[in-house]
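Visitor: Chain residues, written in single-letter form:
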Amino acid sequence: MTLPLRTLVTVPPQASRGQIIWIRALAQHPMENGFRHNENGQRISRNLLTDFVCQYNGVEVFRAKLHTGVAANPLIEFTTVATESGELVFEWRDGQGQSAWAQARMEVV
Amino acid sequence: MMLQRRDCLGWLASLGLAAHCPAFADAEQAQTAIRALTGDAQIQSGRVLLDIPPLIENGNTVVMTVQIESPMTAHDYVHSVHVLAEGNPLPHILSAYFTPRSGRAHIVSRIRLAENQRIWAIAQMSNGSYWRTFADTLVTTSACTEER
Numbered sequence: 003m004t005l006p007l008r009t010l011v012t013v014p015p016q017a018s019r020g021q022i023i024w025i026r027a028l029a030q031h032p033m034e035n036g037f038r039h040n041e042n043g044q045r046i047s048r049n050l051l052t053d054f055v056c057q058y059n060g061v062e063v064f065r066a067k068l069h070t071g072v073a074a075n076p077l078i079e080f081t082t083v084a085t086e087s088g089e090l091v092f093e094w095r096d097g098q099g100q101s102a103w104a105q106a107r108m109e110v111v
Numbered sequence: 183m184m185l186q187r188r189d190c191l192g193w194l195a196s197l198g199l200a201a202h203c204p205a206f207a208d209a210e211q212a213q214t215a216i217r218a219l220t221g222d223a224q225i226q227s228g229r230v231l232l233d234i235p236p237l238i239e240n241g242n243t244v245v246m247t248v249q250i251e252s253p254m255t256a257h258d259y260v261h262s263v264h265v266l267a268e269g270n271p272l273p274h275i276l277s278a279y280f281t282p283r284s285g286r287a288h289i290v291s292r293i294r295l296a297e298n299q300r301i302w303a304i305a306q307m308s309n310g311s312y313w314r315t316f317a318d319t320l321v322t323t324s325a326c327t328e329e330r
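These protein sequence lines are chains A and B, in that order.
Take any residue in the first sequence, note its place counting from 1, add 2, and you have its number in this note's numbering.
Take any residue in the second sequence, note its place counting from 1, add 182, and you have its number in this note's numbering.
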């Protein structure tokens with residue numbers, strides 16, 4: 003099932019071959035850690051994005067596991083080497099096995 | 183006199199307030215979690231840079247940078263890095279898994295911190311060796327536990 007998440011990824015539209023590029027991936031999510039209470043004193047149940055994966059033309063280049071210590075609207079910035087023109091696909095997965103996707107195209111010259 | 187968390191919790195308990203507080207991890211629990219990741223392997227100090235502001239006004243979003251020294255070639259790269267907290271309700275914060283195609287072992291993220299504490303970053307290299315560093319922080323407004 004697809005999560006109705008707002009996601010934002012920043013990938014340079016163009017890079018030279020072999021260049022190390024920065025990628026920023028942001029998802030709008032409360033990252034509810036299960037330790038907080040609402041105004042009625044009831045515990046708010048845990049709801050976390052647990053996994054983040056980046057694939058570059060179908061090959062996994064970066065992965066992260068997120069736990070309760072990650073802030074709401076998780077931001078992940080990482081690097082990869084621009085090897086060839088193509089698609090970068092980003093996936094966020096939550097604790098219930100649902101996913102949200104984003105993708106970006108990069109031209110390598 | 184330094185005010186210890188234990189004392190505060192004791193006073194809160196006597197006031198019947200402690201039921202609201204989740205149990206925090208402590209240094210020992212964080213070390214147990216690190217051992218669960220590394221097994222019996224030796225963990226060396228160095229090669230890892232963990233950048234967290236030493237004084238944090240709001241523990242709900244703290245910018246954290248982790249960088250590991252490595253040539254990042256096909257045969258010598260950083261496999262993963264794990265960030266753990268000594269004073270959050272649960273020690274695990276995040277783990278990042280790199281590949282030689284990462285180019286650099288460097289990540290930026292935003293984390294939550296519940297109180298004054300030490301944060302650990304443990305990196306595993308492609309040859310199986312472990313390296314670590316820590317950062318100490320003072321947190322003014324706690325994350326995790328505040329009421330909505």
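None of these hints come from the bench; they were simulated from the model.
Careful: at least some of the hints might be erroneous.
According to the in silico footprint, chain B covers these stretches of chain A (three or more CB under 8 Å from chain B) [claimed, not checked]:
| # | region |
| --- | --- |
| 1 | 5 to 19 |
| 2 | 53 to 66 |
A partial selection of chain A residues facing chain B, derived with a Cβ cut-off under 7 Å [said to hold, decoys possible]:
| # | residue |
| --- | --- |
| 3 | ILE22 |
| 4 | VAL72 |
| 5 | LEU77 |
| 6 | GLY97 |
| 7 | GLY99 |
| 8 | SER101 |
| 9 | TRP103 |
| 10 | GLN105 |
No residue lacks a Cβ here, since even glycine has one placed at the ideal position from N, Cα and C.
Visitor: Would you mind marking each hint as holding or not holding in the structure?
Guide: Going through the hints against the structure:
1. With 0 residues bearing a CB less than 8 Å from a CB of chain B, the region 5 to 19 of chain A misses the requirement of three and the coverage assertion fails.
2. Check on the region 53 to 66 of chain A: 7 of its residues sit with their Cβ under 8 Å from a Cβ of chain B, so the three-residue criterion for coverage holds.
3. Hint status for ILE22/A relative to chain B: holds, with the closest Cβ pair at about 4 Å, below 7 Å.
4. Interface hint status for VAL72/A: upheld, as the beta-carbon distance to the closest one in chain B is roughly 5 Å, under 7 Å.
5. With its C-beta approaching chain B no nearer than about 5 Å, LEU77/A sits inside the 7 Å limit, and its interface hint holds.
6. With 7 Å as the threshold, the beta carbon of GLY97/A stays out of range of chain B, its nearest partner Cβ sitting at about 14 Å, so the hint is violated.
7. Taking 7 Å as the C-beta cut-off, the interface hint given for GLY99/A is violated, the closest approach to chain B being about 19 Å.
8. Checking SER101/A against chain B: minimum C-beta separation of about 18 Å lies over 7 Å; hint violated.
9. Interface restraint check for TRP103/A: the shortest CB-CB distance to chain B comes to about 19 Å, outside 7 Å, so the restraint is violated.
10. At about 18 Å, the closest approach between the beta carbon of GLN105/A and any beta carbon in chain B exceeds 7 Å, and the interface hint on this residue is violated.
Hints 1, 6, 7, 8, 9 and 10, counting from the list given before, are not met by this structure.
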